[in-house]
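Colleague: Below are the chains, spelled out letter by letter.
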Amino acid sequence: MITERQTARGSPPRVAGSGSGAGRFLLVVIAMLFALVFLFLPLLNVFAKAFEKGWTVFYGALVNPDTVSAIKLSLTITAITVPLNLIFGIAAAWAIAKFEFRWKSLLVALIDLPFSVSPVVTGLMFVLLFGLRGYLGPWLDAHNIQVIYAVPGMVLATTFVTLPFVARELIPVMQSAGNEQEQAALTLGASGWQTFWHVTLPSVKLALLYGVILCNARALGEFGAVSVVSGHITGLTDTLPLRVEKLYQEYNSTAAFAVASILALLALVTLAIKTAFEWHTQRVYARAERATSDARTTRTKST
Amino acid sequence: MTKRFGDTIAVNDLSFAVNEGELVALLGPSGGGKTTVLRLIAGLETPTSGDIFIRGHRVNDLPVQKRNIGFVFQSYALFKNMTVYRNIAFGLRVKKWKRRAARERVEELMQLFGLEQLGHRYPHQLSGGQRQRVAIARALAPKPDVLLLDEPFGAVDAKIRQELREWLVRLHHQFNVTTLFVTHDQEEAMEVASRIGILNCGRLEQVGSPQEVYEQPANEFVARFIGVMNVIELEVRNGMACLDQIAFPAPGYKDGDKVRVGFRPYNVRVSPSTDEYRCQAVIRHTYFLGIMMRLDLELPSGARVCARLTKEDYKRLGLATGMRVSFQIAEHKILGAAQNSNAHTAAGSGCTHGER
Chain A
1 MITERQTARG SPPRVAGSGS GAGRFLLVVI AMLFALVFLF LPLLNVFAKA FEKGWTVFYG
61 ALVNPDTVSA IKLSLTITAI TVPLNLIFGI AAAWAIAKFE FRWKSLLVAL IDLPFSVSPV
121 VTGLMFVLLF GLRGYLGPWL DAHNIQVIYA VPGMVLATTF VTLPFVAREL IPVMQSAGNE
181 QEQAALTLGA SGWQTFWHVT LPSVKLALLY GVILCNARAL GEFGAVSVVS GHITGLTDTL
241 PLRVEKLYQE YNSTAAFAVA SILALLALVT LAIKTAFEWH TQRVYARAER ATSDARTTRT
301 KST
Chain B
1001 MTKRFGDTIA VNDLSFAVNE GELVALLGPS GGGKTTVLRL IAGLETPTSG DIFIRGHRVN
1061 DLPVQKRNIG FVFQSYALFK NMTVYRNIAF GLRVKKWKRR AARERVEELM QLFGLEQLGH
1121 RYPHQLSGGQ RQRVAIARAL APKPDVLLLD EPFGAVDAKI RQELREWLVR LHHQFNVTTL
1181 FVTHDQEEAM EVASRIGILN CGRLEQVGSP QEVYEQPANE FVARFIGVMN VIELEVRNGM
1241 ACLDQIAFPA PGYKDGDKVR VGFRPYNVRV SPSTDEYRCQ AVIRHTYFLG IMMRLDLELP
1301 SGARVCARLT KEDYKRLGLA TGMRVSFQIA EHKILGAAQN SNAHTAAGSG CTHGER
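Taken in order, these protein sequences are the chains called A and B.
For the first sequence, position 149 matches number 149 in the working numbering, and the numbering has no gaps at all.
Residues are numbered in the working numbering as their position in the second sequence, beginning at 1, plus a constant of 1000.
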């Protein structure tokens, strides 16, 4: 998907025969209408509902200690999950894209597993493993470690659910890049680490960023798996989405939408960061081009 | 040394030495193991058996980073995310050169390579020729002991290729770095290299100066690969290898043996009068090759022989397609016995590849 995005950055090639103006117009209108009705309006509505009863109610809903605790918990889980997945994603993508080994296809299939397993099942899976009546539960209990109905379990569940995001984005990009650049770095005397840091990582930075953003969004928004392992202890194990659900169930819809708007806002911020980063990269390239042509004109002038 | 990939032998019992400061070409058809040889020297592959020495030191156990070689990949493998300047400076940076020394070195190279204006550019903003120069500059920056070039001209178009060849020779004079480059283009190898090694199926067929491999090819493969060569199959009768009116002494062969004989097209003398020379033929095709003309001659037996002469001679002799002519072969070489005695139909398959 990332490769498509990258190639699509330039103007699309005009396919001969597809050029009837009316057809193109129709396609654009359909796409725009769809995006408007199914993506933009619902999102806008969340904000509208959140502010329905004015700023004070909105603010009051947010400073509610249980909500503040939910925000903190969500950020904590995300702060642990995203770096974990970043490391795993890079390692897995590197192994899959650059090396040949036995069971490679098995690893690729396993990475996709969290996509195909329902999050609720994931949650139950962890309960079965770490819960009091689970396989590891008695041992954990004896050592006073609580996983289920506590933060560690929620981190585990979120990590599992978001596992594919970074790796999935990186694998195609790394594969298409091949490993000649890395080999060139080695012949120039770079160590493995230098090669990774200066050559491999920068060449996949956009894909990496995209993977992190998707991972981040999902980690913040994950409901099913986290819901099962959290135990719904208000003020302790409620994340933002769980909090929204709880408020909604309590018929406190304004507060629910206020909290929901925070979630939506976080999503928009990450999207903005990504766009800004892409702009920045393009500007760097454009500047390089300009600098060169400037230098050339001044040179031709002086001679 | 030998290199196997599974059951495939990519490089078979290969042994050669390159002198300090020499410019040597490894020439051969694609799939001949040339690139593998370079990668073995660079340390990007490990030999199955055998040793590699650089400046008298055995480097088999040295990792790539420590071999102090410069490698130019066929695809150039420039760092996409770095500017031209940073590409060239990369080797110096990882080798912890002093900042000022590194800057001077990079600027010197950029000047020499005509890249001064392009320091801020990224590889995708360069032309093919520029990319190639950046790749070579990058490889040369850390002052390598050996420069290895994999098909350095493969990715640029024919016109620029000619310029780049001359440029490479000049460059080699300037830096005097021991250089080994791989190519499948015999013309390129002849023009650029001081010595040529011809590789076929992982075997080194011959090593020698361009003149040596052209004039004294070690075997039929070399003869056919370097330049254009007629190869015909003759039958020995009364101690002479014969085909139609062609007859060569064939010492060491007995009657009834089939012998393969090779000769260069420019060694074929053609006359419009049918009785000037002994051998008879008909001109089936003429090809215009610039200042040279190529003639395809058909012998009475149906075998084909290719001749080459200057346009002036062609005009002076008044030759034309379809004409009956006589010819003689001024110089030839007996390549050996034909493996397959019923391959008479393949005899005189005429000009081989490498036509120009």
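Calculated from the structure, these hints are not laboratory results.
One thing to keep in mind: the hints can contain errors.
[As the list claims (entries may be wrong)] Which chain A residues stay away from chain B? Per the calculated CB distances, all over 10 Å, these: (1) Leu26; (2) Thr76; (3) Ile90; (4) Ala95; (5) Glu180; (6) Leu186; (7) Ala190; (8) Pro202; (9) Ser203; (10) Ile273; (11) Tyr285.
[As the list claims (entries may be wrong)] Derived BS3-like pairs (lysine-lysine); straight-line CA-CA distance at most 27 Å: (12) Lys205/A with Lys1315/B; (13) Lys1258/B with Lys205/A; (14) Lys1095/B with Lys274/A.
Backbone N, C-alpha and C define an ideal beta-carbon position, used for all residues, glycine too.
Colleague: Next, verify each hint and record whether it holds.
Modeller: Structure-based check of all given hints:
no., hint, result
1, Leu26, "holds (35 Å)"
2, Thr76, "holds (33 Å)"
3, Ile90, "holds (16 Å)"
4, Ala95, "holds (19 Å)"
5, Glu180, "violated (4 Å)"
6, Leu186, "violated (4 Å)"
7, Ala190, "violated (4 Å)"
8, Pro202, "violated (4 Å)"
9, Ser203, "violated (5 Å)"
10, Ile273, "holds (19 Å)"
11, Tyr285, "violated (6 Å)"
12, Lys205/A with Lys1315/B, "violated (66 Å)"
13, Lys1258/B with Lys205/A, "violated (66 Å)"
14, Lys1095/B with Lys274/A, "violated (34 Å)"
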